[in-house]
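Chains H, L, R and C, in that order, are what the protein sequence lines are. Take 1 as the starting number for the first sequence in my numbering and just add one per residue. Take 1001 as the starting number for the second sequence in my numbering and just add one per residue. Take 2001 as the starting number for the third sequence in my numbering and just add one per residue. Take 3001 as the starting number for the fourth sequence in my numbering and just add one per residue.
Calculated directly from the structure, the hints in this document are not laboratory data. There could be a bad hint or two in this list.
With a straight-line cut-off of 35 angstroms between C-alpha atoms, the simulated DSBU-like cross-links for lysine-lysine are [unchecked claim]:
| hint | chain 1 | residue 1 | chain 2 | residue 2 |
| --- | --- | --- | --- | --- |
| 1 | C | Lys3266 | L | Lys1330 |
| 2 | H | Lys181 | C | Lys3272 |
| 3 | R | Lys2272 | H | Lys181 |
| 4 | C | Lys3266 | H | Lys183 |
| 5 | L | Lys1330 | H | Lys353 |
| 6 | C | Lys3266 | R | Lys2272 |
| 7 | C | Lys3266 | H | Lys181 |
| 8 | H | Lys330 | R | Lys2226 |
| 9 | C | Lys3266 | L | Lys1181 |
| 10 | H | Lys62 | H | Lys353 |
| 11 | C | Lys3272 | L | Lys1330 |
| 12 | L | Lys1353 | H | Lys330 |
| 13 | L | Lys1223 | L | Lys1183 |
| 14 | H | Lys330 | L | Lys1330 |
| 15 | R | Lys2138 | H | Lys181 |
| 16 | C | Lys3266 | L | Lys1183 |
| 17 | H | Lys193 | H | Lys41 |
| 18 | C | Lys3138 | L | Lys1330 |
| 19 | C | Lys3107 | L | Lys1353 |
| 20 | R | Lys2226 | R | Lys2138 |
| 21 | R | Lys2266 | C | Lys3046 |
| 22 | L | Lys1223 | L | Lys1193 |
| 23 | C | Lys3266 | R | Lys2266 |
| 24 | H | Lys330 | H | Lys353 |
| 25 | C | Lys3272 | L | Lys1181 |
| 26 | R | Lys2266 | H | Lys181 |
| 27 | L | Lys1181 | L | Lys1193 |
| 28 | C | Lys3046 | C | Lys3138 |
| 29 | H | Lys330 | R | Lys2272 |
| 30 | C | Lys3272 | R | Lys2272 |
| 31 | R | Lys2272 | L | Lys1181 |
| 32 | L | Lys1183 | R | Lys2266 |
| 33 | L | Lys1183 | R | Lys2272 |
| 34 | L | Lys1041 | L | Lys1330 |
| 35 | L | Lys1062 | L | Lys1183 |
| 36 | R | Lys2266 | L | Lys1181 |
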Amino acid sequence: MRFEFTLAEEAFRSQLLTWIGATLPPDYDSAADDSDDAQWKLTLRLRRELAGRGWLTLAWPKEYGGMGASPMTQLIFNEEMAFQRVPGRDAFGARMLAPTLMVHGTEEQRRRFLPSVARGEVQWCQGYSEPNSGSDLASLQTRAVDDGAEFVVNGTKIWTSLAHRADWIFLLARTDPEASKHKGISFLLCDMKTPGITVRPIINMAGEHHFNQITFEDVRVPKDQLVGGINQGWYVATTLLDFERSGIDYVTAARRVIADLAEYARSEPGSNGQRLADDGEFRARFALLAAEAEAARLLAYEVAWLQGQETLPTREASMSKVMGTRLMNKVTDFGLELLGAYGQLDRGSDAAKLRGRILRSRFECIAWTIFAGTNEIQKNIIAIRGLGLPRNY
Amino acid sequence: MRFEFTLAEEAFRSQLLTWIGATLPPDYDSAADDSDDAQWKLTLRLRRELAGRGWLTLAWPKEYGGMGASPMTQLIFNEEMAFQRVPGRDAFGARMLAPTLMVHGTEEQRRRFLPSVARGEVQWCQGYSEPNSGSDLASLQTRAVDDGAEFVVNGTKIWTSLAHRADWIFLLARTDPEASKHKGISFLLCDMKTPGITVRPIINMAGEHHFNQITFEDVRVPKDQLVGGINQGWYVATTLLDFERSGIDYVTAARRVIADLAEYARSEPGSNGQRLADDGEFRARFALLAAEAEAARLLAYEVAWLQGQETLPTREASMSKVMGTRLMNKVTDFGLELLGAYGQLDRGSDAAKLRGRILRSRFECIAWTIFAGTNEIQKNIIAIRGLGLPRNY
Amino acid sequence: MDFGLTEQQKLIRDGARTYLREVCPGAYVRSMQRHPTGCPAEVWRKLSDMGWTGMLVPEDYGGAGLGLVEMGLVLEEMGAVAFPGPFFETAVIGTSALSLAGDERQKSSYLRRIADGSLTVSLAVQERDPAWQPSAIKCAADRRDEDWALSGEKLFVGDGTSAGLFIVAAADRSVSQAEAAVTLFLVPRETPGVRIGERWLTVDHDHQTGITFEAVEVGPDSVLGKVGGGWPTLRRLFLIGAAMKAVEMAGGARRVLEMTAEYARKREQFGKPIGGFQAVAHMVAEMAIYVESARNIAYQAIWRLAQGHDAAQEVALAKVWANEACVRTAELAHQSHGAIGFTQEHDLQIYTRRALAGRVTYGDSRDHRDAALASIHL
Amino acid sequence: MDFGLTEQQKLIRDGARTYLREVCPGAYVRSMQRHPTGCPAEVWRKLSDMGWTGMLVPEDYGGAGLGLVEMGLVLEEMGAVAFPGPFFETAVIGTSALSLAGDERQKSSYLRRIADGSLTVSLAVQERDPAWQPSAIKCAADRRDEDWALSGEKLFVGDGTSAGLFIVAAADRSVSQAEAAVTLFLVPRETPGVRIGERWLTVDHDHQTGITFEAVEVGPDSVLGKVGGGWPTLRRLFLIGAAMKAVEMAGGARRVLEMTAEYARKREQFGKPIGGFQAVAHMVAEMAIYVESARNIAYQAIWRLAQGHDAAQEVALAKVWANEACVRTAELAHQSHGAIGFTQEHDLQIYTRRALAGRVTYGDSRDHRDAALASIHL
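Just chain H, same shape as in the assembly (with noise of 0.2 angstroms):
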């Protein structure tokens, strides 16, 4: 047992405050997002100089020119970037593709993709969801029928985060339709750029430009693009996606939020001349907010540290996530009460508080209860995975 870093890992999370505080540009707007043109030119020269320093691959084998390093430094890197607010990190090539093909991928294919996922030039997305096809994942229609060197794949993805970005995407098509849903499912890599795939924006509760819904009517895909076998996609998909749970980027978010809540309460008076940081109901509710974060914090923590176990930490990455997508929508809406009649402030107001920062993250962390399964998915996980209770749906 022992709560506390290494020497080692302090001595990094050091260096990485050391180049956030040299990197960002002092003028930085962190309710800004990816949305924005000029935020997404940021990502992408932050994503180059992580490239550089090796940190976009950070938790990669060194086998794969990763620095090698344990799931618990990968999240020291992730707590800081998300309570820094720093963009550039690379969610679906470095942390999700890279480890896939890695595992599952042939020699070519890892020869051929990972250099530049690693190098942070190129930009992936994910095809899983489908408009019927949500919690019910495996029910996927998209289809991709084999024409000899290639598959043609015809049908939709949605709520493909940037898909209007990427140049390549990971999907799931069927490509045995008559196999039982889980077993007929295919998983391949395509280039966006191919004929046949249109993008259409989902603008987002916020007004932002996240989403996409994909459309594919006769794309063509070259079957060494096919990764792990024909029929083997929902294994290929799943045996990675724990590690995409650990939970600390939600938590984290909402250590940040009550964080600039905490500042915020110190520095405003109030009203007849009391602080905010003095008034007893919020004091009582930012002292359980922040037990319940600390707690959270210690879950992901967990998760990390079973990774390193070499386990497989189903069970508390579920949890994790549930805890900590929840506290960040406790904490915004407390936010917002905190903020009374400024809380209705969007950005770009010039009498918002903290930028409007608060309004902008109560809408996003909506979605977070949601996305990369619904927490009810992921409670039956604890249930049923967990805890070895029955199926219930």
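With chain H held as given, fit chains L, R and C onto it using these hints.
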């Protein structure tokens, strides 16, 4: 629209309050309950007084010797009796069995059973749940076999409140094991002194004796004690269920706890010389609970109003039950937090505050979200019967 | 107790429901987000023609002379379609302010114009410290012989970018007692020295802004009610605004419930409607409890105001509960809807935004706390 | 970060789990509710023989010289079986108090007796105002030449009806500064003037009571630590008590989760296990989140204390979260269990009672608020 009571209703309330003031012993310990023999004597005495005034049968039609009062007047009666914590009402006989007999009983059954209930002389209890049939009540296994002039009953009933004090029981038993589960059940009346009945006490977590388990071994029930026809028991039992769920008792209990806690907060010094009533945290929590209590009260009023409109407020009754029972859990738990270290002291400890009543209530209401149809069952009713969602179980 | 409606009330509600559903689908709400007033002239004229803008205006001044309950029924339906524009500020608050405190000349001039649709009104009360308390009113009203000079700023002015007439709360700096210092002034938009800020970006895409008063000179005929008597009027407007906002919020929540129940019946996953999973069904049931209870408690407050009671407690309880119930309803709706619910093209988010705005309009739960606590003698 | 246990720690945990499950089924807990100490002599002897009472006692004084983490592992298992009796007060708090502040003679005399099982100890701090603050200590310590006279009362004295030695916090009335006035005294139970009240009826059926001190004369050798130096020791004991109570509570919640998951797998309604209904399955999942998170955060606090850090923030966060998580876990467990769970014969209610007791023992969430807020600079 009118959010006040009529003059006649207010006059009735005044009359009732006057009677309560004159009747309730000055040293009455409202933390006591019917598991206490002395309290039970008081219950019986007050019940006879209520009967003498016609209030035990307030809502009975005049043709059955009742006062023909409206559901709203009945609600006022229940609300004041609950708020003042006056014992003496008769849920099982006067409020549940009697209306059932008025609808489904024979003329002879009414003549035989109603008068003694109206006089407050006979205690009834309710034999519905079984050890293996809780939420799935219709799966009950107690058998009643036709043996000529009698049914022979075998089986076990559980959670029977007051069975140890009851003279008679109305119960559901399976008379056709071949029929689908809702269709083979009959509604029987049975003298608790019939040979073959054994009552085993079940002590609750507060250490009180309310519940019992009853075993029936070859208990012979004359056929003229069948209500509503053979195999019609499910229909008989459920037609009146909604009327048992106005929820006013639940929310009123909660309102009383809030009132007690508010008085405590006003009178008790907190730490550092600040009254608890001046503490920002407690003020915020009190305010939200007060609002929820008012909203829950109006929901119960709405149920009574709908009953007076001759509509069946199934959905609203379930809402009222969920809201009232949950509120009582919230307020009692809040009460324990308000009491701090004193919250752990039970009735009878010399240092206990409010006679330990909050802790007693905290225990008691854990059952409320479960009994009379768990809140999950109520939510199913709201969703399925109220909003047309599909069956989910 | 009577939770029912009179025949006339049912007609009003049904009429409102029919008209609003027709005129105000989600596409209309979206297009109004970019409209300078939030309501096109032809729609506003229709509202006037139907007697809605003058619903609370006495018949003597060209109105319908109806009460707050009837207005509540319209607002509930407006909430149900998320109807945008200056109706609330003008027809509810502006009318109430003039009716409560206006002199004959003011009523005759302004109420008629509200009823005939030629005037919109806005209440300018809140400032940097947006608390609904006399001490928070710092905007100064300085006497200059017979006239007054107003100096200071107002924030959170609803429809501030479009209203024709502002009702401005200002404090006489020569009066030390905060409440007695407050006077209300009727200030037409074009009065020299009134500087209206840029339209704010708000959660509800409404038309709030800040206004600066630079020694704005107004005459004695601009005083609404008595000099130094502004606070009791404001307090009443605060109560009316809160109760009416609560019923509007409940109307929105009701629509969110309907929308979610419908989605749960239709959307299928794992081979059946998602409403057939308890996780979803129970969320919908919880929403129904919030909606029904928020609606009841709002009407209780409105009815008591309509009876002429002070009703501060009932209003406070209603607004506190609406604030809680309607935001929780929105959260549950999003969780039931999944991804589709937080897209701009889906209507759900319109209601979510509006619930968050409603929570802090005419008092957040802290502004109403003391009055709510008075109901339990705290 | 390391969430794992050393081999020795695993042995301790497994040993504790095995022994406690065997000795302490629900029936044992129930029978101890009527026992005068909550722990029969033979069981106490066994705890001593196994080295548990002396686990924190340095080897020089006959103990095992182990640390707080190891003790935490035992307490977690004690929580998991709801083990009653004076172990916590004696082996955790009493031992820590003596180790922290005792002089050689006191340690030698009392720590040895704790280790060998011949002494139980109880901390007497709280009074009418049970806040954990120096100003709440009104029990007076008046100098009489070399000696002291203690006058006042103590409430919420854990194991007050049975402990052999009380550690009493008293304030020198001649010292105006509240913190500097506090001195700790070691007062054997049989000291003249010590009047021990009737055993209280408490939610956890434990052995609390109130104690009155009527001019109790104690000598200078009774002073634990420095005169006027009691508060820093008390504060440390408060932190140790809170962290250890948090892990004990987490252990109880863990057992409640296991119990509920098992019930949900086995109990059938509507033809299938109730755990196959999402309403129940998701309640169980929520419980699992509470349990895992409460456990982690408790061990963080304990580990930091064990390292010698002040750890006030970590302890406060742990206790605040334990208070919330463990009571919510109990509520969810009851809702999942249905009627059977609130019968006296079912074990669930034992844990529910204990969670409610734990929530106010060694600080409720208000007592820990300021320290918790310090973690976010508030």
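Quick check: which numbered hints come out false for this structure?
8, 10, 15, 19, 21, 28
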